[in-house]
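These are the residues of each chain, in order.
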Amino acid sequence: MQSWIPLVPDSASTFSWKVDALYFYLSGVTLFFTLLISAVLIFFAIRYRRRTPYEIPRPIAGSHKLETLWTVIPFVIAMTMFAWGAQLYFQQYKPPQNAVEVYVVGKQWMWKLQHATGQREINELHVPVGRKIKLIMTSEDVIHDFFVPAFRTKADVVPGRYTTLWFEATKPGQYHLFCAEYCGMNHSGMIGSVYVMEPREFDNWLAGNTSSSTPAAAGQQLFQTLGCASCHGANGEGGRGPTLAGLVGRETPLEGGQTVRADEAYIRESILNPGAKIVAGFTPIMPTFQGQVTEDQLVQLVAFIKSLPGGTGTTPGASPASTPLPSPPVSSSPSGSPTENR
Amino acid sequence: MQPIESFEVPAPPKVNYINAQYGLKSWLLTKDHKRIALLYLGSITFFFFIGGIYAMMIRLELLTPQGDLVQSATYNKVFTQHGIIMIFFFLIPSIPATLGNFLIPMMIGAKDLAFPRINLLSWYIYLAGGVITIYALLAGGVDTGWTFYTPFSTTFSNSYVVATGLGIFITGFSSILTGLNFIVTIHTMRAPGMTWFRMPLFLWSHYATSLIMILGTPVIAITVLLLAFERLSGVGIFNPALGGDPVLFQHLFWFYSHPAVYIMVLPSMGVVSELVANFSRKNIFGYSFVAFSSLAIAVFGFLVWGHHLFVASQSVYAGMIFSFLSFAVAIPSAIKVFNWTATLYKSSISYDTPMLYALGFIGLFTIGGMTGLFLASLAVDVHLSDTYFVVAHFHYIMVGGALMGYLGGLHYWWPKISGRMYPEGWGRFSALVIFVGFNLTFLPQFIAGYLGMPRRYHAYPPEFQVFNVLSTAGASILGLGMLIPSIYFVWSMRYGKHAEPNPWHLPGLEWRTQSPPPTENFEVTPIVTWEAYEFAPPEETEVVGKFGPELERI
Amino acid sequence: MIESHATTQDIHGHPALQHHFENMEQQREAGTIGMWVFLVTEIMFFGGMFLAYALYRNFFPAAFASASNHLDITLGAVNTGVLIVSSFTMALAVYFTQVGNRRPQILCLVLTLILGLTFLGIKAVEYHEKYTDRLIPGHLIPGASFGPEAHALHLLPGATLPQVEMFYWIYFAMTGMHALHMIIGAGLLTFLIVYSIKGRFDPEYHSPVEIIGLYWHFVDIVWIFLFPLLYLLGRHFEHG
Numbered sequence: 011m012q013s014w015i016p017l018v019p020d021s022a023s024t025f026s027w028k029v030d031a032l033y034f035y036l037s038g039v040t041l042f043f044t045l046l047i048s049a050v051l052i053f054f055a056i057r058y059r060r061r062t063p064y065e066i067p068r069p070i071a072g073s074h075k076l077e078t079l080w081t082v083i084p085f086v087i088a089m090t091m092f093a094w095g096a097q098l099y100f101q102q103y104k105p106p107q108n109a110v111e112v113y114v115v116g117k118q119w120m121w122k123l124q125h126a127t128g129q130r131e132i133n134e135l136h137v138p139v140g141r142k143i144k145l146i147m148t149s150e151d152v153i154h155d156f157f158v159p160a161f162r163t164k165a166d167v168v169p170g171r172y173t174t175l176w177f178e179a180t181k182p183g184q185y186h187l188f189c190a191e192y193c194g195m196n197h198s199g200m201i202g203s204v205y206v207m208e209p210r211e212f213d214n215w216l217a218g219n220t221s222s223s224t225p226a227a228a229g230q231q232l233f234q235t236l237g238c239a240s241c242h243g244a245n246g247e248g249g250r251g252p253t254l255a256g257l258v259g260r261e262t263p264l265e266g267g268q269t270v271r272a273d274e275a276y277i278r279e280s281i282l283n284p285g286a287k288i289v290a291g292f293t294p295i296m297p298t299f300q301g302q303v304t305e306d307q308l309v310q311l312v313a314f315i316k317s318l319p320g321g322t323g324t325t326p327g328a329s330p331a332s333t334p335l336p337s338p339p340v341s342s343s344p345s346g347s348p349t350e351n352r
Numbered sequence: 008m009q010p011i012e013s014f015e016v017p018a019p020p021k022v023n024y025i026n027a028q029y030g031l032k033s034w035l036l037t038k039d040h041k042r043i044a045l046l047y048l049g050s051i052t053f054f055f056f057i058g059g060i061y062a063m064m065i066r067l068e069l070l071t072p073q074g075d076l077v078q079s080a081t082y083n084k085v086f087t088q089h090g091i092i093m094i095f096f097f098l099i100p101s102i103p104a105t106l107g108n109f110l111i112p113m114m115i116g117a118k119d120l121a122f123p124r125i126n127l128l129s130w131y132i133y134l135a136g137g138v139i140t141i142y143a144l145l146a147g148g149v150d151t152g153w154t155f156y157t158p159f160s161t162t163f164s165n166s167y168v169v170a171t172g173l174g175i176f177i178t179g180f181s182s183i184l185t186g187l188n189f190i191v192t193i194h195t196m197r198a199p200g201m202t203w204f205r206m207p208l209f210l211w212s213h214y215a216t217s218l219i220m221i222l223g224t225p226v227i228a229i230t231v232l233l234l235a236f237e238r239l240s241g242v243g244i245f246n247p248a249l250g251g252d253p254v255l256f257q258h259l260f261w262f263y264s265h266p267a268v269y270i271m272v273l274p275s276m277g278v279v280s281e282l283v284a285n286f287s288r289k290n291i292f293g294y295s296f297v298a299f300s301s302l303a304i305a306v307f308g309f310l311v312w313g314h315h316l317f318v319a320s321q322s323v324y325a326g327m328i329f330s331f332l333s334f335a336v337a338i339p340s341a342i343k344v345f346n347w348t349a350t351l352y353k354s355s356i357s358y359d360t361p362m363l364y365a366l367g368f369i370g371l372f373t374i375g376g377m378t379g380l381f382l383a384s385l386a387v388d389v390h391l392s393d394t395y396f397v398v399a400h401f402h403y404i405m406v407g408g409a410l411m412g413y414l415g416g417l418h419y420w421w422p423k424i425s426g427r428m429y430p431e432g433w434g435r436f437s438a439l440v441i442f443v444g445f446n447l448t449f450l451p452q453f454i455a456g457y458l459g460m461p462r463r464y465h466a467y468p469p470e471f472q473v474f475n476v477l478s479t480a481g482a483s484i485l486g487l488g489m490l491i492p493s494i495y496f497v498w499s500m501r502y503g504k505h506a507e508p509n510p511w512h513l514p515g516l517e518w519r520t521q522s523p524p525p526t527e528n529f530e531v532t533p534i535v536t537w538e539a540y541e542f543a544p545p546e547e548t549e550v551v552g553k554f555g556p557e558l559e560r561i
Numbered sequence: 018m019i020e021s022h023a024t025t026q027d028i029h030g031h032p033a034l035q036h037h038f039e040n041m042e043q044q045r046e047a048g049t050i051g052m053w054v055f056l057v058t059e060i061m062f063f064g065g066m067f068l069a070y071a072l073y074r075n076f077f078p079a080a081f082a083s084a085s086n087h088l089d090i091t092l093g094a095v096n097t098g099v100l101i102v103s104s105f106t107m108a109l110a111v112y113f114t115q116v117g118n119r120r121p122q123i124l125c126l127v128l129t130l131i132l133g134l135t136f137l138g139i140k141a142v143e144y145h146e147k148y149t150d151r152l153i154p155g156h157l158i159p160g161a162s163f164g165p166e167a168h169a170l171h172l173l174p175g176a177t178l179p180q181v182e183m184f185y186w187i188y189f190a191m192t193g194m195h196a197l198h199m200i201i202g203a204g205l206l207t208f209l210i211v212y213s214i215k216g217r218f219d220p221e222y223h224s225p226v227e228i229i230g231l232y233w234h235f236v237d238i239v240w241i242f243l244f245p246l247l248y249l250l251g252r253h254f255e256h257g
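Protein chains in written order, with my numbering: chain G, 11 to 352; chain W, 8 to 561; chain X, 18 to 257.
By construction, these hints were calculated from the structure, which means they are not laboratory data.
Heads up, a few of these hints could be off.
[What the hints assert, rightly or not] Straight-line C-alpha distance at most 25 Å; calculated SDA-like pairs for lysine to any residue:
#1 K118(W) <-> L128(W)
#2 K122(G) <-> A31(G)
#3 K118(W) <-> R45(X)
#4 K38(W) <-> I228(X)
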């Protein structure tokens with residue numbers, strides 16, 4: 011495989027070199043202090059070895075100056091490490107506004123992924139170079155973790171909630187995907203690959219991959235069959251139930267005076283536990299769908315509601331005023347770029 | 008203050024705590040803290056070997072990328088049980104229950120701990136928990152990881168979670184009672200003249216450890232209990248189907264389990280203070296700083312548990328606070344390392360086995376501690392979390408740190424405990440073998456971790472094999488190295504040279520009585536008029552104020 | 018700190034003086050500090066459950082209020098009164114032991130025990146009610162899984178049955194653990210009564226009574242927190 015033993019994995023995302031830089035700084039400081047302490051220890055151990063059996067050296071009580079020195083200097087160094095790491099972490103965990111979304115459902119012992127344009131994948135994820143990708147993830151059973159060493163990022167995948175992960179791939183290739191939270195018998199088998207492709211290749215892949223309907227279209231079907239339309243309107247215009255069009259990203263006032271910013275987790279909760287947050291001006295008559303919808307179906311319903319006009323399409327959290335759809339990469343072919351279902 | 012020659016004590020009488028009474032009942036119903044320490048010594052050594060066998064199985068399996076030695080279900084039980092046995096049944100009791108129990112009363116000039124019967128009870132509780140856990144292992148084992156994350160442990164695992172949890176729950180009380188005993192003893196039973204700042208640093212470390220034991224252990228107790236009830240009843244607070252929160256378990260679990268790692272390492276630091284001072288014949292540089300650092304570690308240690316949840320969907324802002332505090336908790340440890348090193352300056356160092364372990368500790372703990380900084384650093388932890396980097400980090404602290412201190416202390420006080428000398432040549436040789444074997448085992452794992460090898464993997468991609476082969480080779484050497492002391496310690500009990508009361512010629516209180524000591528430790532309660540580690544009169548003490556001529560002469 | 022003046026009694030030793038202590042004062046001090054340290058561990062132990070309660074009350078206020086309304090506030094209040102009085106009788110027992118009045122001392126200890134058992138009896142009645150109402154969470158009791166009748170529990174708007182089940186899970190965990198501590202306390206009181214009758218305690222040596230008194234007061238205080246948090250929640254939300 012490799013002719014030399016590498017110290018870092020492939021670098022394939024915009025994070026990779028940044029994390030590596032911090033890692034090398036930490037390694038350098040560690041190496042420095044380890045060598046320093048070891049050298050001093052060895053030096054002292056030899057220079058001050060016992061020469062006669064009953065000798066007693068002169069006692070030295072201590073030194074406030076030295077104590078201050080070797081408290082303050084390590085503290086300052088530690089703070090540089092903290093600040094650098096925190097700043098980078100903030101970038102890693104705040105997904106950008108215009109990221110393309112991929113839904114991920116982890117279960118024992120496989121990864122199910124669905125692109126916003128409908129393509130489904132099992133244990134594999136195809137993405138184009140240079141596009142910001144945001145994964146919206148949940149688990150059907152136990153806690154898993156979506157880990158791509160080449161991207162230097164991971165996040166736990168927790169049942170009962172959505173977690174997110176984002177990256178922008180920079181180098182085409184095939185990279186490991188690991189589950190990094192022990193999840194039972196086949197934990198080490200819950201692995202796959204992330205394929206980063208040049209944009210043209212990716213478009214070909216998309217076209218060649220006959221997809222089932224997009225998650226939003228499947229969600230629209232469910233919206234009808236589960237009866238949501240009877241209170242919320244066929245296009246989410248509202249009625250007995252609150253308006254869903256343009257919901258995502260909007261500050262929603264609740265009964266009792268609080269407001270909540272509607273996001274994927276809010277939508278999911280409202281379907282499973284409608285009584286938790288009642289929109290102001292409405293009564294708690296919505297039944298719960300707990301036990302009647304799978305995580306996959308919830309993801310589809312969420313995608314549909316996000317796609318309703320007046321909303322922000324792919325990017326919750328942005329203002330409801332017109333937000334440009336994600337612009338395709340400059341060098342890509344004009345057709346087939348994965349836009350939202352509108 | 009006496010010259011070193013007069014540290015000697017007249018020839019020992021025939022009766023000591025070992026031969027004062029014969030018969031199984033006199034041991035199993037003893038109230039003597041020294042005998043209880045030996046009872047613990049036997050039990051924890053037993054569990055250490057069980058944990059070691061599991062370690063051997065792990066390393067053998069990981070020699071090859073395929074999962075070909077055992078099935079994955081078995082492997083999952085093996086690493087789980089390795090963790091549970093080593094942490095709860097070896098590391099947490101090790102130094103406090105053996106060396107602490109034996110030495111704390113002697114170091115403060117008391118006849119016993121404050122509550123001797125509670126001390127004995129704590130051993131029986133430890134055994135009860137151990138027996139239940141062994142039953143669980145034999146009945147079929149547990150496969151949740153020692154961390155028992157929900158909902159896998161509550162709903163999905165088909166293994167003996169409740170039985171193991173019960174075993175851990177019970178053993179936790181042993182820890183609580185030990186800590187309680189130590190705190191009360193140190194507060195109320197110091198000999199006349201033994202002020203807080205005349206106590207050896209071993210006592211400060213154990214006091215700090217005891218604080219953590221009594222404050223943290225009850226939280227894991229209730230957490231394990233809630234886990235067990237949830238598993239039995241089918242519902243509960245960690246169950247997402249009810250609106251429960253699986254991450255709540257992680258918070259509750261780590262609220263104890265992070266301070267627990269300080270329970271494991273603080274006593275070892277206390278031993279190292281003793282070894283460094285006594286084998287360089289010098290007072291510890293910055294005694295009060297080292298003493299307060301122990302307390303600081305105990306306090307800060309309770310504030311950092313969230314660093315185990317950086318990628319677990321914890322809020323980004325909480326993550327930043329925990330990261331900051333995790334860096335802060337490293338500082339007192341750094342202070343200790345610098346003070347130990349400074350103690351050696353212009354001292355008189357002997358290369359006895361205990362000192363070799365102490366020097367090894369300082370170097371390896373530095374590596375372990377600094378690799379902890381990688382994990383405290385948020386962005387790097389995102390990449391390193393749940394990889395072999397973490398495994399290497401904590402083994403550097405637990406084995407390179409805690410175990411080294413334990414072995415060093417065992418060698419140091421062996422003459423006092425058993426009345427015999429261990430063979431010094433073999434002692435130094437095995438210390439070296441252990442040091443080499445240990446580094447070979449765990450250094451490659453840092454690299455494998457950064458390359459992305461996840462932990463708890465039964466089979467792995469082939470590019471990680473070279474690191475695993477090196478690691479297994481090291482583990483074989485480490486295992487052999489640890490076998491040697493087990494043999495010669497037992498050998499020495501029968502054939503070792505009889506030890507003098509003060510074979511190392513040291514001023515500590517424990518050395519001013521026979522080896523082995525009589526049951527009541529001291530003929531007469533001593534009255535303490537000297538400082539800790541006082542090898543020479545205080546008027547000859549020099550205070551290092553600035554970078555003066557002494558340092559320039561180097 | 019440590020007194021080292023020896024009295025005649027110290028030299029001969031009070032019969033209760035243990036061999037490793039210098040004198041009764043040191044022994045008493047050690048015992049008292051030991052009990053306080055133990056009580057700190059108990060606070061940490063119950064603390065985990067209080068944390069769970071605080072979290073889920075915050076997440077499911079309507080369900081918690083509904084479930085709390087269904088608890089029998091009369092029985093809960095009676096139990097609170099019973100425990101408060103029992104702490105008073107316990108304190109009296111300690112006082113009488115300190116001054117050496119054996120008969121009032123034994124009487125107060127017996128009263129404390131009776132009150133403690135009364136508390137446990139009322140608790141048993143409450144638990145039985147929950148059992149008949151099918152409010153015991155999960156399938157802990159075979160054949161009586163969680164599943165109350167619609168009329169038995171009035172659900173406030175926004176409350177769901179799984180959330181109510183969560184309340185009862187926490188309710189049984191907390192009151193069950195508390196009841197266990199009461200049972201242990203009853204055992205300790207029995208031991209004290211037996212030893213008091215045998216005349217083991219006197220003004221010189223009464224720390225076991227004091228120490229167990231501390232334990233009893235602690236168990237009482239835990240209940241003082243449990244009662245409003247579990248029983249009075251509905252009323253709080255009605256007015257809040």
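Exercise for review: Compare the structure with the hints numbered earlier in the document and write down the numbers of the violated ones, lowest to highest.
Suggested key: Violated hint (a single one): 2; every other hint is consistent with the structure.
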